[in-house]
Amino acid sequence: MSSANLAQAPAPIVHIQQLRKSYGSNEVLKGIDLQVQPGEVIAIIGKSGSGKSTLLRCINGLEVFQSGSLSVDGQPLLHSSATAMRELRQRVGMIFQNFNLFPHLSVGKNVMLAPGLVKKTDPTAGAARARQLLERVGLGEKFEAFPDQLSGGQQQRVAIARALAMEPSVLLCDEITSALDPELVGEVLRVVESLADEGMTLLMVTHEMGFARKVSDRVIFMHQGRVHEMGTPAALFGHPQTPELQQFLSSIH
Amino acid sequence: MRIELDFIAVLLQWPLLAKGVLWTLGLTAISATIGLVLGTLCAWARSSGPLWLRWVVGAYVEIIRNTPFIVQLFFVFFGLPAAGVKLTPETASVIAMVINLGAYAAEIVRAGIDATPRGQFEAAASLALSRVQTFFHVVLPPALQKVWPALTSQIIIVMLGSAVCGQISTEELSYAANLIQSRNFRAFEAFIIATGIYLLLSIGVRALLNWAGPRYLFGGRRG
Amino acid sequence: MVDFSLWDIFRNLLLAARWTVGLSLMAFVGGGLVGLALLVARTARWPGAERLTAGYVQLFQGTPLLMQLFLAYFGLALFGVDTSAWTAAAVALTLYTSAFLVEIWRGCVAAVPKGQWEAAQSLALNFGEQLRYVVLPQATRIAIAPTVGFLVQVVKGTALASVIGFVELTKAGTMITNATSQPFLVYSCVALLYFALCFPVSLYARSLERKMNVQR
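Residue numbers (our numbering), protein chains in the order written: chain A, 1 to 253; chain B, 1 to 223; chain C, 1 to 216.
It is possible that some hints are incorrect.
Unchecked claim - Covered by chain B, per the in silico footprint, the following chain C stretches (three or more residues, Cβ under 8 Å):
no.: 1; region: 124–130
no.: 2; region: 172–180
Stated by the list, open to error - So these bits of chain A aren't anywhere near chain B, every CB distance computed over 12 Å:
no.: 3; residue: S25
no.: 4; residue: N100
no.: 5; residue: F102
no.: 6; residue: P103
no.: 7; residue: A159
no.: 8; residue: R226
What the hints assert, rightly or not - Here are some of the chain B residues that sit facing chain A, going by a computed Cβ distance under 8 Å:
no.: 9; residue: L11
no.: 10; residue: Q13
no.: 11; residue: A123
no.: 12; residue: Q133
no.: 13; residue: Q145
no.: 14; residue: I168
no.: 15; residue: S169
no.: 16; residue: E171
no.: 17; residue: L209
no.: 18; residue: N210
no.: 19; residue: G213
FYI, nobody ran anything at the bench for these hints, they're computed from the structure. Note that the Cβ used here is the ideal one computed from N, Cα and C, for glycine as well.
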């Protein structure tokens with residue numbers, strides 16, 4: 001971006017400044033600075049223990065940070081206010097590694113539950129929207145099925161539909177294919193790619209380097225709680241600057 | 001030595017027995033419903049309530065679980081009037097049964113709630129559900145399903161325990177048996193028949209609860 | 001009406017509580033022995049033992065203890081046995097306890113992995129030896145916590161013996177209430193004494209269970 005454009009650049013949808021987080025005496029995030037533009041797709045990569053998932057979970061408040069600032073859509077994170085947190089989570093959705101579908105509800109009800117309770121959507125409209133979203137992820141005919149009747153890939157796609165039902169501005173994906181059998185990974189990644197194409201702001205912690213390279217606008221390599229390298233996929237994967245990133249990239253091939 | 005048993009004399013009194021059965025079932029139904037609600041509220045209080053409330057509920061649960069039901073019943077029926085609260089035998093019986101079941105249900109439901117995987121809480125939070133919404137829609141149904149056998153057993157235990165309520169003249173089944181034997185002196189026969197009826201009731205109520213729970217409380221799915 | 005002090009009430013209740021303790025221990029020990037015999041019969045797969053034990057357990061778990069006491073009281077009298085409330089209560093509670101204990105212990109034996117039986121058999125141990133040296137020691141470890149926990153149920157069960165006239169803690173409470181017309185006070189004391197008997201046992205059972213879970 002040239003400096004001439006900066007004045008007209010849209011405000012970042014996620015703005016993180018000097019974020020620090022510790023578990024007891026162990027500091028896992030050591031001052032993260034990050035600005036995410038609306039519609040950006042960001043892949044976060046790194047070794048386990050580098051703080052990737054923790055950073056993601058700070059953004060929707062599942063983890064509490066000790067210092068620094070984090071705001072979404074201009075609103076700073078207020079952990080102490082339950083109302084503010086629920087407001088935030090209507091704008092930021094999350095997909096989990098282990099899907100976390102509600103086992104006692106059908107697929108359709110899983111998708112409809114939150115809009116019905118939080119946005120007070122009436123059941124008919126909710127059901128229609130749920131069907132639409134399930135169609136979108138390729139599972140239109142599974143409305144009445146229960147989670148334990150679906151494969152891992154199908155469950156994850158339901159989880160995506162469930163998160164989309166709340167019409168979030170940002171979607172956080174926490175290693176969403178890591179728990180899937182290899183042959184099921186593709187169907188999930190295709191859905192995520194289509195979301196990226198439609199302009200959804202995505203932050204993904206992922207091990208799928210090929211996918212990250214193809215779909216993301218920016219890649220962040222985290223190492224020991226810091227943003228170690230950041231840049232376009234071509235730059236990061238093609239010309240890794242630091243030995244840590246070089247080592248990481250060679251270890252996963 | 002010949003033992004003469006006369007079951008007919010007792011069976012002729014079947015209207016009294018029937019009335020007793022209806023009372024027993026009625027007492028159990030009302031107490032089970034209210035007791036379950038009370039137990040669920042207590043379980044919620046113990047997992048998510050303020051510290052002082054957890055302590056109060058904990059004390060309530062321990063006192064009930066470590067004293068006999070008959071003493072709790074006598075306390076409610078004989079003891080409370082001395083403190084100004086006068087109760088009919090039936091009301092006292094229901095109150096005692098509710099308080100009793102509530103304490104056991106609190107522990108049982110709490111175990112179910114504690115077994116909720118953390119991911120469920122995180123998913124619900126990420127979908128902007130409030131704590132109350134999360135409890136009733138995400139946590140409670142699978143928890144009830146998990147502990148339903150234990151809850152059913154406890155309801156049966158309370159139903160069998162209600163036999164004691166006959167001692168304060170509640171006209172349930174054991175009272176009926178006692179009344180019959182006081183009239184025709186067929187004590188053994190009367191109690192054998194009443195015991196047999198109780199056995200049938202416990203089998204029947206268990207089957208009923210196993211049918212009703214999935215249907216009305218938590219959906220028929222393996223959670 | 002003679003004025004009774006709190007201490008008078010309490011002292012009388014304490015004296016009656018001895019009988020509660022005595023009856024509880026007797027039922028627990030007696031029930032344990034009967035239960036053990038049934039357990040061995042069932043585990044050894046003696047013909048009909050499994051069915052019989054299942055029916056026995058169903059009978060005692062599916063009927064009120066109060067009815068069992070009445071049946072013992074009137075039933076024994078029917079057979080010409082000179083029945084006091086004490087005898088009837090002891091018999092009924094012993095059988096009641098044996099049914100619940102055999103069910104608890106059955107679960108504990110079933111919890112011992114099948115491989116243990118197979119290993120013992122492969123070492124040419126006979127059934128008695130398999131049971132005594134390999135399976136029962138492991139089952140016993142699992143069984144201690146729930147068995148101790150059941151003692152609390154037995155103590156609470158003795159309260160029903162008051163209905164057939166046995167003078168234990170609850171009956172004493174009723175009698176003292178009739179004499180003093182202070183039901184609130186008297187039954188509070190009765191509850192307190194039961195609590196003092198049962199709560200420590202409950203806590204102990206729970207600590208045993210925690211220890212066991214840690215070991216596993």
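Here is how each hint holds up against the structure:
1. 124–130: Violated, because only 0 residues of the region 124–130 of chain C bring their Cβ atoms closer than 8 Å to Cβ atoms of chain B.
2. 172–180: holds (count 3)
3. S25: holds, 23 Å
4. N100: Nearest chain B Cβ is 4 Å from N100/A, so the label is violated.
5. F102: violated, 6 Å
6. P103: About 5 Å separates P103/A from the closest Cβ of chain B, which leaves it inside 12 Å; violated.
7. A159: violated, 8 Å
8. R226: holds, 25 Å
9. L11: violated, 46 Å
10. Q13: violated, 47 Å
11. A123: holds, 4 Å
12. Q133: holds, 5 Å
13. Q145: holds, 7 Å
14. I168: With a minimum Cβ separation of about 41 Å from chain A (threshold 8 Å), the hint on I168/B is violated.
15. S169: Check failed: Cβ of S169/B comes no nearer than 44 Å to chain A, outside 8 Å.
16. E171: violated, 41 Å
17. L209: Violated, about 18 Å.
18. N210: violated, 17 Å
19. G213: Constraint on G213/B not satisfied, violated at 13 Å.
When the structure is compared with the earlier hints, violations turn up for hints 1, 4, 5, 6, 7, 9, 10, 14, 15, 16, 17, 18 and 19 and for no others.
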